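Novice: Place chain B on chain A using the hints.
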Amino acid sequence: AQSVTQPDIHITVSEGASLELRCNYSYGATPYLFWYVQSPGQGLQLLLKYFSGDTLVQGIKGFEAEFKRSQSSFNLRKPSVHWSDAAEYFCAVGPTGGGNKLTFGTGTQLKVEL
Amino acid sequence: GAVVSQHPSWVICKSGTSVKIECRSLDFQATTMFWYRQFPKQSLMLMATSNEGSKATYEQGVEKDKFLINHASLTLSTLTVTSAHPEDSSFYICSARVRGGHGGELFFGEGSRLTVL
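Here the protein sequences line up with chains A and B, keeping their order. For the first sequence, my numbering assigns the number 1 to the initial residue and increments by one for each residue that follows. For the second sequence, my numbering assigns the number 1001 to the initial residue and increments by one for each residue that follows.
Just chain A, with the same shape it has in the complex (with noise of 0.2 Å):
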């Protein structure tokens, strides 16, 4: 069974101080990798997304992620983050062929002090 291990539950960052939250994943095969971001009472918006390829993959609001297929790893960056980007950070895995569930970590909650 796929599963998804955020090993951080809060991170807290100063504004304009780099940012990794980290992703582990559980699966037999290559999975589909994807990280979403949900602010307080609102749904889930697609950052990016690793399906094959280039291993470093670039996402809206100037984040990126690097598949890391040796650690199981799907790390999500940002080289300088904004207050904007407090928000909670769930990365999911998918199954290659396709099909339908996601599933989602726990969730990592961003703090960003001004």
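For the record, the hints were derived by calculation from the structure and aren't laboratory data. Note that the structure is predicted; figures quoted are calculated from it, not measured. Glycine included, every Cβ here is placed at the ideal spot set by N, Cα and C. Check the hints yourself; a few may be wrong.
Far from chain B, some chain A residues (derived; all Cβ distances over 10 Å) [stated by the list, open to error]:
1) G16
2) R22
3) N24
4) G62
5) N75
6) S80
7) E113
Simulated pairs of lysine to aspartate or glutamate, EDC-like, Cα-Cα distance not exceeding 20 Å [unchecked claim]:
8) B/K1041 to A/D8
9) A/K101 to B/E1063
10) B/K1041 to A/D85
11) A/K101 to B/E1059
Specialist: Just chain B now, with coordinates in the frame of chain A:
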């Protein structure tokens, strides 16, 4: 990107009543929609998969008679919480897969917060 809209955004109801939540894909057709439930400060739990023109597929542990799902058209799926009780209070989020799109790429609605008194 594709837009998914939910209505209502929030609803308060009395225990024992039924509540219907709508999920619409505004600018694309969605053969498959998904309903998630999210408890405070927790992740999303997939409740069921809604397929246009057929019965929904429920995840293990989800009561199909409690959470009725209808997907009558390619742009609308509804979730009805029947005989709601306080423990059904939660944030319900729908998502949709673009017809012909990658299997895992989903677009999410804004969510509907249900409070049962």
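Novice: Would you mind marking each hint as holding or not holding in the structure?
Specialist: Hints, one by one, checked against the model:
1. G16: Answer for A/G16: holds, closest chain B Cβ roughly 27 Å.
2. R22: At about 15 Å from chain B, A/R22 clears the 10 Å cut-off, so the statement holds.
3. N24: Correct as stated: the minimum Cβ-Cβ distance to chain B is 15 Å, above 10 Å.
4. G62: holds (17 Å)
5. N75: Check passes; 18 Å lies beyond 10 Å.
6. S80: holds (24 Å)
7. E113: holds (20 Å)
8. B/K1041 to A/D8: The given pair, whose Cα atoms are some 13 Å apart, holds under the 20 Å limit.
9. A/K101 to B/E1063: holds (18 Å)
10. B/K1041 to A/D85: Judged against 20 Å, a Cα distance of about 17 Å means the pair holds.
11. A/K101 to B/E1059: holds (10 Å)
When each numbered hint is compared with the structure, no violation occurs for any of them.
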